[in-house]
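So the protein lines, in turn, are chains A and B.
Number 47 in this note's numbering belongs to position 47 of the first sequence; there are no gaps in the numbering.
Number 88 in this note's numbering belongs to position 88 of the second sequence; there are no gaps in the numbering.
Rather than coming from a laboratory, the hints here were simulated on the basis of the structure.
One thing to keep in mind: the hints can contain errors.
Stated by the list, open to error - Pairwise CB distance ranges (calculated):
| id | chain 1 | residue 1 | chain 2 | residue 2 | range |
| --- | --- | --- | --- | --- | --- |
| 1 | B | Glu11 | A | Lys9 | 40 to 46 Å |
| 2 | A | Asp73 | B | Asp67 | 29 to 35 Å |
| 3 | B | Arg77 | A | Ile54 | 19 to 25 Å |
| 4 | B | Thr30 | A | Thr70 | 30 to 36 Å |
| 5 | A | Pro75 | B | Leu51 | 15 to 21 Å |
| 6 | A | Ser69 | B | Thr52 | 39 to 45 Å |
| 7 | B | Asp67 | A | Thr15 | 47 to 53 Å |
| 8 | B | Pro7 | A | Pro39 | 31 to 37 Å |
| 9 | A | Thr101 | B | Pro21 | 44 to 50 Å |
| 10 | A | Ser84 | B | Ser9 | 34 to 40 Å |
| 11 | A | Val12 | B | Leu51 | 41 to 47 Å |
To be verified - Covered stretches of chain A (chain B as the covering partner; in silico rule of three or more C-beta atoms under 8 Å from a C-beta of chain B):
| id | segment |
| --- | --- |
| 12 | 14 to 27 |
| 13 | 70 to 84 |
For each residue, glycine too, the CB sits at the ideal point set by N, CA and C.
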Amino acid sequence: NAGVTQTPKFQVLKTGQSMTLQCAQDMNHEYMSWYRQDPGMGLRLIHYSVGAGITDQGEVPNGYNVSRSTTEDFPLRLLSAAPSQTSVYFCASSPYGGVGTQPQHFGDGTRLSIL
Amino acid sequence: DAKTTQPNSMESNEEEPVHLPCNHSTISGTDYIHWYRQLPSQGPEYVIHGLTSNVNNRMASLAIAEDRKSSTLILHRATLRDAAVYYCILKDRIQGAQKLVFGQGTRLTINP
């Protein structure tokens with residue numbers, strides 16, 4: 001089973017460039033989210049979605065954009081990359097049922113460096 | 001979301017039990033206690049969750065204090081593969097969004 005797939009695994013960008021981090025899940029999960037993890041820190045929520053066509057901001061949304069046109073895909077766009085966005089990005093998905101018990105499934109991450 | 005407190009690091013030996021503590025003194029009656037772990041260079045992985053009663057699964061056991069202000073994740077027989085950062089997270093079972101609020105976690109080192 002594929003689970004949550006993130007591409008690319010590694011990326012180097014120059015300041016000011018834009019790019020899209022891809023996330024796809026094959027479990028028909030309604031809920032998907034993006035986190036970033038900086039060295040020595042826990043994960044921080046960037047954006048999340050509770051279903052196709054619905055997105056909302058998390059803890060650190062500035063500089064990022066998301067859309068959810070299908071249940072399977074939840075891309076994260078960096079509009080104009082800045083060195084402060086150098087981080088490891090994780091995508092996660094889970095069923096959505098209004099009850100906070102479902103475990104979240106995480107991808108293996110995209111390691112992004114902004115020069 | 002209510003806050004959790006965990007030791008920054010712990011160390012244990014292979015094939016011995018490991019008890020990872022978590023304090024959550026401001027837990028509400030609707031909060032589930034979730035544990036995730038993150039192996040090096042991987043995404044977080046769900047371990048276990050519980051509400052009031054102790055829970056067991058193939059990976060670990062979760063012991064919850066009677067007043068629910070603390071809990072302990074128990075790895076019964078640690079292996080080298082269990083070396084990871086372990087996160088204790090409170091999750092409101094009523095709120096619809098599945099947001100997880102990660103703290104610093106406990107970095108577990110397993111000695112051969």
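Self-check item: 47 to 53 Å as the expected CB spacing between threonine 15 (chain A) and aspartate 67 (chain B), which holds or is violated
Solution: Since aspartate 67 (chain B) and threonine 15 (chain A) have Cβ atoms about 51 Å apart, the given range 47 to 53 Å holds.
Quiz item: Given a hinted range of 44 to 50 Å, is it respected by the beta-carbon distance of threonine 101 (chain A) and proline 21 (chain B)?
Solution: violated, 22 Å
Quiz prompt | Given coverage of the segment 14 to 27 of chain A by chain B, tested with a Cβ cutoff of 8 Å and a minimum of 3 residues | solution = Violated: only 0 residues of the segment 14 to 27 of chain A have a Cβ under 8 Å from chain B.
Quiz item: Does 29 to 35 Å hold as the CB distance between aspartate 73 (chain A) and aspartate 67 (chain B), or does it fail?
Solution: Since aspartate 73 (chain A) and aspartate 67 (chain B) have Cβ atoms about 44 Å apart, the given range 29 to 35 Å is violated.
Practice problem: Take the C-beta atom of serine 84 (chain A) and the C-beta atom of serine 9 (chain B), compute their distance, and say whether it sits inside 34 to 40 Å. | Solution: Violated - the Cβ-Cβ distance for serine 84 (chain A) and serine 9 (chain B), about 27 Å, lies outside 34 to 40 Å.
Quiz item: Range hint 41 to 47 Å: satisfied by the CB atoms of valine 12 (chain A) and leucine 51 (chain B)?
Solution: Check passed, 45 Å falls within 41 to 47 Å.
Self-check item: Supplied distance hint 15 to 21 Å, evaluated on CB atoms of proline 75 (chain A) and leucine 51 (chain B)
Solution: Violated, at about 35 Å.
Exercise. With 40 to 46 Å as the target window, see if glutamate 11 (chain B) and lysine 9 (chain A) comply at their CB atoms.
Key: Because 31 Å falls outside the window, the suggested range is violated.
Quiz item: Should the hint that arginine 77 (chain B) and isoleucine 54 (chain A) are 19 to 25 Å apart at their CB atoms be regarded as holding?
Solution: Cβ of arginine 77 (chain B) to Cβ of isoleucine 54 (chain A): about 44 Å, so the range 19 to 25 Å is violated.
Quiz item: Quick check: the segment 70 to 84 of chain A, covered by chain B? Criterion 3+ residues, Cβ under 8 Å.
Solution: violated (count 0)
Exercise. Take the C-beta atom of proline 7 (chain B) and the C-beta atom of proline 39 (chain A), compute their distance, and say whether it sits inside 31 to 37 Å.
Key: Given about 20 Å between the Cβ atoms, the range is violated.
Exercise. Given the hint of 39 to 45 Å, check if serine 69 (chain A) and threonine 52 (chain B) actually sit that far apart at their C-beta atoms.
Key: At 41 Å between Cβs, range holds.
Violated hints, listed in ascending order, are 1, 2, 3, 5, 8, 9, 10, 12, 13; each of the other numbered hints is respected by the structure.
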